[in-house]
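There are 2 protein chains.
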Amino acid sequence: MLSKNQIKHIKSLQLKKNRVSESDFIVEGEKMVNELLSSRMVIKRIFATKRWIDLNVSKLKLIEYQVVSEKELIMISNLTNPNNVLALVKIDLPNFDYNNLKGITLILDDIRDPGNLGTIIRLCDWFNVSNIICSNNSVDVFNYKVVQSTMGSLFRVNIFYKDLVNFFHECPYDRTVYGAFLSGSNIKRMKIDKDSFLIVGNESNGISDSVASFIDKKLRIENISQGAESLNVACATSILLYQFC
Amino acid sequence: MLSKNQIKHIKSLQLKKNRVSESDFIVEGEKMVNELLSSRMVIKRIFATKRWIDLNVSKLKLIEYQVVSEKELIMISNLTNPNNVLALVKIDLPNFDYNNLKGITLILDDIRDPGNLGTIIRLCDWFNVSNIICSNNSVDVFNYKVVQSTMGSLFRVNIFYKDLVNFFHECPYDRTVYGAFLSGSNIKRMKIDKDSFLIVGNESNGISDSVASFIDKKLRIENISQGAESLNVACATSILLYQFC
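Keeping their order, the protein sequence lines are chains H and R. Residues 1 to 245 (my numbering) make up the first sequence, in order. Residues 1001 to 1245 (my numbering) make up the second sequence, in order.
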């Protein structure tokens, strides 16, 4: 049975300040926890229905687990339809080193919508983009909506939070910096450098001026519409990575 | 001031059955209502703050409007942060005619997530895809989450709901039917017919067998990942339309 303190602790992790102070975040559902079990993440405890534990106990080895009823799971879950298992996981950001940034590095300037960030992480996984640098004001990657919408890709892509101006100032090598704009060169006709930085901007305001000053080449996705002014940022990133990778 | 009946009516439109019986839906916020005002949609009434009315009264002409306080707007709004104006709009689906399906027609087989449908409508607008055929089980386009996430593109793209098997059976001409799968021909190396049908499937289950039987050419977006199993459906559609259009 869940203790009051356990319920309180898990629910407190809905807020970023508590995730930061506790260094914990939540992963939910059968698919996500399966991906988690084969990742390098440190699982502190698993809360699951008896059915799930019976089916998966061989994978748990030294991981602490606790059987909960479906009612208890509803009490701690962030999902409308909780799916058998919830894991309490240690927040463990990878060490940052400029020398590990191979291939395309995606740079996100103030992405605010959790679904967009999660979807972009999933895209990066699909296109083998290993590293994402988020501006410090971007939505927190351990927000449960981000975590869940990555569909497990969170465990295969490195996410770093940086002051982007410092990031470019301190970058020890000269790489082409591409930025996505509504005007710029049509990406269909561009050759892209293999090792480079690609910046996409905030949902409403695009790339901020201070970050834009580091861009070498402005890119655009051709707009053949009579009326649409912009694309959703995750859709634009899909097309850019498809063209880049 | 809002009457109790007005509040009840507007809030009842959160449910599809009430939208269908009343033939009304809701459009919210300054950007969306601006797009609405320049569309062919029939606006039944606008509820807005005095500030918004003062700024926009010249655009309203014969449209009935009513000043509401910010508190009242919160009472009827579906948004976390209501944005000055809410419009009650007549549901008016365009007449369907096979002869009007020029260029690429996008066919959605049971898209369930409102954000995905809204984002796909916005994409179609960007890529000048004028017609979308949704299976009858797809999420309702007049769901407020769909409406809001189209960012106004809803007013420029024709959406039809059909039994897809009947749609293909009754189609009077022979067009190539493309379908998006995890396996199939790599779209980077395909020539696409100008007038054709492109099917994308449900978020979890892809294209259903009964619909898949009408497909002439299976397409895939190359997966260069070590682990990602699938792309978000709106991201996949972005890449397909980018390649098709």
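Calculated from the structure, these hints are not laboratory results. Glycine included, each C-beta is placed from N, C-alpha and C at the ideal position. There could be a bad hint or two in this list.
Simulated crosslink set (SDA-like; lysine to any residue; CA at most 25 Å straight-line) [unchecked claim]: (1) R:1102 / H:229; (2) H:188 / R:1191; (3) H:145 / H:191; (4) R:1191 / R:1227; (5) R:1145 / H:114; (6) R:1102 / H:114; (7) R:1031 / H:110; (8) R:1218 / R:1186; (9) H:31 / R:1102; (10) H:31 / R:1182; (11) R:1188 / H:31; (12) R:1011 / H:80; (13) H:145 / R:1186; (14) H:194 / R:1204; (15) H:145 / R:1205; (16) H:145 / R:1102; (17) H:188 / R:1185; (18) H:11 / H:58; (19) H:188 / R:1031; (20) H:145 / R:1204; (21) H:31 / R:1069; (22) R:1188 / H:243; (23) H:145 / R:1144; (24) R:1188 / H:145; (25) H:194 / R:1224; (26) H:191 / R:1190; (27) R:1194 / H:189; (28) R:1016 / R:1190; (29) H:188 / R:1011; (30) R:1044 / H:80.
Covered stretches of chain H (in silico footprint by chain R; criterion: 3 or more residues with CB under 8 Å from a CB of chain R, positions within the stretch not fixed) [to be verified]: (31) 117-123; (32) 126-136; (33) 141-154; (34) 221-228.
Original post:
Checked against the structure, which of the hints given earlier come out wrong?
Top reply: Hints 3, 4, 6, 9, 11, 13, 14, 16, 18, 19, 21, 24, 28, 29 and 30 are the ones this structure does not satisfy, whereas the remaining hints hold.
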